[in-house]
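Student: Sequence:
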Amino acid sequence: MAANRWFIDSETGVLTDVLLCPPDYYEWIPSNDIAIQTMAGGGSIDRNILSSQFNELVSTLKGADVSCHFLTPHKGMPYEVYTRDSSQTTPFGTVVTSLSRPERVGEEKEIRTFYAPDEIWRTCTAGRIEGGDIHIIRPGLLAVGVSGGRTDTKGAAEFISWFEEAGWTCRMIHFPEHFLHLDVIFCMVAENLAIAAVDVLDEADLEWFREQGIRILPVTYREAMRDMGCNVLALGRDRVVSPRHSTRINAMLRAEGLTVLDPELNQFSRGGGSIHCMTMPLRRQSLQTA
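Quick note on numbering that gives the first Met the number 0: the sequence shown kicks off at 0 and runs consecutively.
The set of hints was computed from the structure by calculation and includes no laboratory data. It is possible that some hints are incorrect.
Claimed, not checked - Under the rule of at most 30 Å between Cα atoms (straight-line distance), these lysine-lysine pairs were calculated in the DSS-like manner: (1) Lys108 x Lys61; (2) Lys61 x Lys74; (3) Lys153 x Lys108; (4) Lys108 x Lys74.
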């Protein structure tokens, strides 16, 4: 098996391969504020609808010419479905991240089963860092979210150092821990275009994005936390996957000329994750050769 067969250098290059995990053992657990609120309100998972929604996401991706690869789900790993967090594809190879929650630590074994040893470039060992906080925006530009919870300063600094050695411009984006990951409040939707909870991000960070030529479309706090409205997946060529229930955001994206594919995923978003969380891009076409 050839080394470095998986490659991404952006969040918006044409997606050709993606990693998912079937939700066989998915459960809502009180590990984040979104799930806690859902459970406090008496919510419960409908497993038939859950399975149907996952299959709709897979069908949506395949319909967009994306090859889907799957981890094996395991009992006792209720959030293994959120494949974004346990590894990170880079231009240099795959990075095994350092998961924070005890119920997720066991996911590393399955990650190392999926990837060939020569595909793994680095393993994070300093602090904690999860893929939902890592945004490889475009060649040479990286942002890493730091809440002190799922990703801490030590973990972010180690990951950033590898990219700085390669000459990349990097920035830590700090935000309150109850937002869980950066992809709850910020996501790229097309080249140089993002959506974000602008009333949450620090003004200095918003200015940094502007300086990098990134235009941000505003998402409200309620949309970000209630609907996981920022948690979308760019497919490249001005296409984006966004939850069906994010009606205002989807209309806003379409008004920008984007094609929005909108599977229903509320069984997942009510547990604190959505499309971006559920997908780890394995291969995108490079923006440098597009």
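Student: All hints are to be evaluated individually against the structure, with a verdict given for each.
Tutor: These are the hints, each one checked on the structure:
1. Lys108 x Lys61: 27 Å, holds
2. Lys61 x Lys74: 27 Å, holds
3. Lys153 x Lys108: 23 Å, holds
4. Lys108 x Lys74: 13 Å, holds
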